[in-house]
Each structure stands twice: as C-alpha cells, then as structure tokens.
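With the sequences and hints as input, model every part of the structure.
Here's the letter readout for the chains.
Number of protein chains: 2
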Amino acid sequence: MEYKFSDRVSNLKPSAIREIFKYAADPEVVSLSAGNPSPEAFPAKEIAEISARVLAENPISVLQYSVSEGYTPLRQHLMEYMKKEHNTGSDNDDIIITTGAQQIMDLCSKSLINEGDVVICEAPSFIGSLNTFRSYNAKLVGVKVDSDGMNMEALESALAANPNAKLIYTIPNFQNPSGVTMSLEKRRRMYELAKQYGVLILEDNPYGDLRYSGDNVPNIKSLDTDGLVIYAGSFSKVISPGMRVAYCICPKPIFAKLVVCKQGNDVHTNIWSQYVCDEFITKYDFNAHLAKLREIYTKKADYCMALLDKYCAPKITYHKIDGGLFIWCELPKDVDMPQFCKTAVKNKVCVVPGNAFLTDENESCHSFRINFSTPTDEQLEKGIKILGKLANSL
Amino acid sequence: MEYKFSDRVSNLKPSAIREIFKYAADPEVVSLSAGNPSPEAFPAKEIAEISARVLAENPISVLQYSVSEGYTPLRQHLMEYMKKEHNTGSDNDDIIITTGAQQIMDLCSKSLINEGDVVICEAPSFIGSLNTFRSYNAKLVGVKVDSDGMNMEALESALAANPNAKLIYTIPNFQNPSGVTMSLEKRRRMYELAKQYGVLILEDNPYGDLRYSGDNVPNIKSLDTDGLVIYAGSFSKVISPGMRVAYCICPKPIFAKLVVCKQGNDVHTNIWSQYVCDEFITKYDFNAHLAKLREIYTKKADYCMALLDKYCAPKITYHKIDGGLFIWCELPKDVDMPQFCKTAVKNKVCVVPGNAFLTDENESCHSFRINFSTPTDEQLEKGIKILGKLANSL
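One line per chain: the protein sequences are V and X, in this order. For the first sequence, our numbering assigns the number 1 to the initial residue and increments by one for each residue that follows. For the second sequence, our numbering assigns the number 1 to the initial residue and increments by one for each residue that follows.
Every clue listed holds true.
In silico DMTMM-like pairs for lysine to aspartate or glutamate, Cα to Cα no more than 25 angstroms straight-line: (1) LYS389/X x ASP377/X; (2) LYS385/V x ASP309/V; (3) LYS13/V x GLU69/X; (4) LYS4/V x ASP226/X; (5) LYS252/V x GLU192/V; (6) LYS13/X x ASP91/V; (7) LYS13/X x GLU69/V; (8) LYS45/V x GLU57/X; (9) LYS45/X x GLU46/V; (10) LYS139/V x ASP117/X.
Calculated directly from the structure, the hints in this document are not laboratory data. Note that the structure is predicted; figures quoted are calculated from it, not measured.
As structure tokens, then:
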C-alpha cells in the first residue's frame, strides 16, 4: 500500500528536540537538550497524598467521563488565583483546561487559522508551538528578539506586510529558547499594535512563576480591555509535565470554539490529574511551593552561568537570564554551529542547535540552547566543560 | 473585537450529546443519554493500589515528560495481548498510545484527510468521530446499516462514486448507536473493497470486550495482510474513561505520521495513567476483570430489554443487542421523533435523538438511542416507563 498523507502533514518533520532525545537516551551522553523540570522539583509526596485521598473519597468522579471545559472547581480556583495574583482574566473571559499547553496551540490554530494565514512569532521561538502552527499550514513570520523582547518596529512591519496575520505568538517571560523577558513598555506596544491591526495575541507563559531575579512584569493579558489576548498557563513546570494539565484564559467567544474543538480532540483532559492539581493549589501552600522551585532553580541557573563563565568564555557568550529553564549560547560568527553541535554529541554532550527554533530552519544561526533544570550539577559541569573545550579549541 | 474563526470550525457545533448532558445535570431527570461505564464497573481499588505503588517506587518517571509514542512497556504489552487474544497487529504495524480514542480520530483525520476528502461511515454512527472528521472539513458519506453491519452494495457504490474517499470508518462490534455487529463475511468483503479501491479502514472497537451473547467475530485488523487497517482500541469502557488512555495499532508509515501529529497535539498522553493501565493489564487478571464487566452489563442489558418489552411494546421497537452499551429504539413512521425526544425531556427522561448520529442531521429519522450502563436499575425502570407511556399514548 502506498500511503497518501494530507497536504498539511506531508512535509511535517518530527520535532528536532524530540529526535535529539534519542541521543540523550545513551546513558553516557550528558543531555543539556531537554526542558524537563528537575527531579527535586516534583511535589511527589503531596501528589501521592492527594491522589490516594480523591480516589478513596470520590473514585467514580475521578475515573468517569467529564466535561470538555475541565473540572469546574479547578477552573474556578484558577480564575480566582490568576485574577488575584496576576490581574489576569476578566468577566469577559472564560477558562478551559487542556492536555498540556501544547493543546492550547493546537486548539487555537484549529479555531483561528486558515491555511496560508500568518502567525507572527519571535525568532527564535518554541519549536513545539511552531510545529503545531505549521501542521495547520500557517505561514510563520519571525520577528527578531532584542534583549527586552520582540523588536517592535519589526513587529509593526510584519503586521503591515501581512494583512492575513491572525495571531501574534509570544512567550513574554524567560522566552524559550532566548531566555529574554519582554519589557512592560513593549508589552503595551504589542497590545496597541494588535488592537490597531485587529490581530489576536497568544501569550504563552509556562515559565512566569520561575523568576530568579528582578521584578515580575505584568502579563499582557492583564492589559486586555478589548478581548485580544489568549493566555496559556501550565502546570507542567510547576507541578508535573507528565500529568499534562494546562489552562487557557481567553475571551468567551474564543473559549466556546476551543471547547467544541476539544470535544473532537480528546473529549476532556485526564480528570484525575485535574483533581490533583485543584487540591494542590487550594489545600496546600502553592505559593510556598513556587518559592521552593525558585530556590532550586536559582541555584542551578547561577551554577550553570558560573560554569559557562569558567569553561566557555570567551568563545561562547550567552544572554544572562532572570528566570526560566534555558540559556541561549552564541558561538563566534565564523563557527559552523550545526557542525559544532554534531561534534558535541560525538563528545557525549547534547545541546539543541539554534536554527531548530527559527521559522526558517535553513537560516544561518550561531546559537544553541542549553537547559540546566534536568541535568545534575555533576552532569552540568561535565557537559559544559566539554562544550568549552570544543569551543576554545576552534 | 469581532472574532474571525477558521473555515473549518465556523460551522462546527457542540456535540448534541454533550449539550443534552446539560439537561441530564438536573437531578430529577433520568438520563439515558450518556455512554458512561457503570459506577460498579470501575476497578477503583486496584487503580488506587497501583497508583500508590508507582508513585512510591518511581515518582519521577510517573510525573516527568515522556515520549509521544507512549509508555514503552504498555505499548509492548498491548501489542502482545492484542496479538495473542485477537490476532490483531503484525510486524508491519506499530502502536501509539493516545489521549482517548477520540484523539485517534483526530490524528488520523489530520494525517490523512485533505479538506473535501471523503470519509465513508455507517449511518448512523458515533457523533464524536463524525464531528472530528467534520472539523477537518471532510465530506461524510453515510452507508446504511443492516442487521449484520454496513450494507456492502451501498459501500461499493459509495466507493465507486467517491474517488477521493480516504477512509472507511466503522465500529464493527455493537456499533454506537445501532448496536449492530458486522458479520465476518461482511468484514472480509469490506476489506476486499478497501483493497480494491485503495482506501484505508479505520476500525474503532471500544466495545469489543463487552459481548454478552454469541461468539466473538474476528477484528477486521486480523485480516490485514496489506497494511490497510488502522485499529483503535480503548481503556475507556474497560478501565476508566476519565484517564483518557487509548491505543492505535496501525501500519508503521501511518504510525510515524500519527506520532509527529501527536507531538503537536499534546506531546504525550498522561504518563501516570499509562503506568496504571500497564500494571492493571499485566499484574492483575485483566481477562477476569473483563468477565466481571460482561456479567455486570449482561444483567443490565437484559433488564433494559425486558423493560422495553414490558413498557414500550408495541410502539417502540428495538434491535436486540449482543453487547455494547446502547440500544437503538425505533418509533412508528408517523411519529415526529425529535418532538418525542423533547416531550420526553419535559417528562424528565433524556434520550439522544437518532438524527444526531447521521451524516446529515436534517435527514428524517425515527430512532433514538438509549444507554443502560450509566443509570441505576431504578432509574432505568422509571425512564423506560415514561418513554413507554408517552409512546403508547401517541
């Protein structure tokens, strides 16, 4: 049988990161390529407690079919929490629980994007989201990222040049992969431009709670008086990614379409895990847990940057981070970055080549991404030492 | 803001069944409209045991990111089990774990169907799948269902008339909603026709293990020597639907595309629940559990049919079932079925109007679907008594 696939997927490739995981499976390879939370960051004891309790008290509700919108108490508690802590969400918004934030990208693409429509995104940006947009045959237009977020002149040019732009996709806090946080001024400007051009903003904020230095910047959604912003939040980095529980706060008409699309996508998100997240954020001290995560990751981030300074300077430079899980490293302009990453793998350290995060993977790129949350301190030192040795021998 | 949705979803409506659930939320209403497993059918104690164990022994793996293909031991054990018990799956196939079987419909649609391509399905068929196909702008062509499955002459005509047919979607066992099981002869004929016309078969088998009388009929996938059949299996009816764990056994090239699409859809299925399903089918007596479910549901099905005989004859006729969770009831040709269903809701009993299951909902239909697994025996008697009273007073 010769299989004929749909036009939208015939050119779709497996995520470069997921493919790199195959090398990472070799126990001798130090993987700096993942984006997994640190093993010490999981509230495993609390999850086990809650799980045992809800299964004992309410087994049928925890295991039975549920509604596509998500578990009602979790939706209510998240709306209250996000309003109180982040001034995010209004009476014009509603909230849907999704199977990870990746599903928010999928449902938004499905609901909002016709084939050939434009999604404007940071260049570089999160490969998983880019691939979802691609899978709906969206045209990706990348806008360069300054040290304080998307370049606003370039964004305006992109909006002016693309009347069929439907979405601006942004990760405003500790962006994956660049580590950059968008300034409040730029958030305001992006919102104005979105309003002016009648384009929606998809604000993806998986790392917002993981700030290690500096002050929080308000979410773009907190500026949303016109119903322009779709906010994607997630428990993947702060409770557990394996449970696949995320949430989307968005204007009610969009919410209604996302719910219909979710019915056809997976009916509803694992309800057991929704119960667990709900109890964890309401019956435990969620803010204290977040503070503990910040403590864990501040140490790891500082350690990682110190190692980069020690072993990789001056050949590898990097953008100092205030939060998140990634550091964006740059090689000298005369170095062949993809070749460098291949050599690194042969030397048993795995990083993600930066062009994987571009809207056009064939564009020239001298950066690569490393992650410091997954490896142990020993692995971090071993891996970065190898990278430094390779870079400085070039 | 005036929202512009994509062409594919602008005409998409919420599932009629999910909308009916809103009436069913009224505690005074007897709902015969759901498809939920019976509360007594959940292995809640075993799930709690397994969950406590895996969270104690292996907390990080259970809560961490995992791979899009699914938990490797579960995939291996399911392939072995399905080969041994149902001669289903070969060396040319692979298996992907999905977030409920609904996601199999989504991933197959995304991978295989261009806008305007034809999906041939039973008429009536499962509304959830039809809506997924619709959400990719597939054209649905319904083929009438005889008492031994899809009418093969009509199927051949549909294949001949639609050269852009990509999929034949079938629920061969205890079809939802008709309750019909396809004969082996027709399965063979469907396979031949699929081969002749170069069309894939999507075999959806959520109820196969719930046979109450008669002999098992081989899966269409067990006849698949040419790589034509995509098999969808699910734990929703036999362990827990709330966990959203299903599996798809299909030819390797299709598997590869489904994995890429799943990366963009939800990255992977809740891994904790995959561990639980794996331990349940390997460390417990899964076949004994299935036998227990059959015992529970045989009783409920027999009871339901006896109530229909007692209260609803002669006005309401029905197709006697050998398995599954649904009974397809027919009103006399001169009765306005949608009006009957509305009157039933006013009289506090909720059923699903049959036209919801048609490829064209505006087609005339005199049937409605009732479910006997969710209501208690008391609710069943109360509900069917009301239906009988209404029907016999017409």
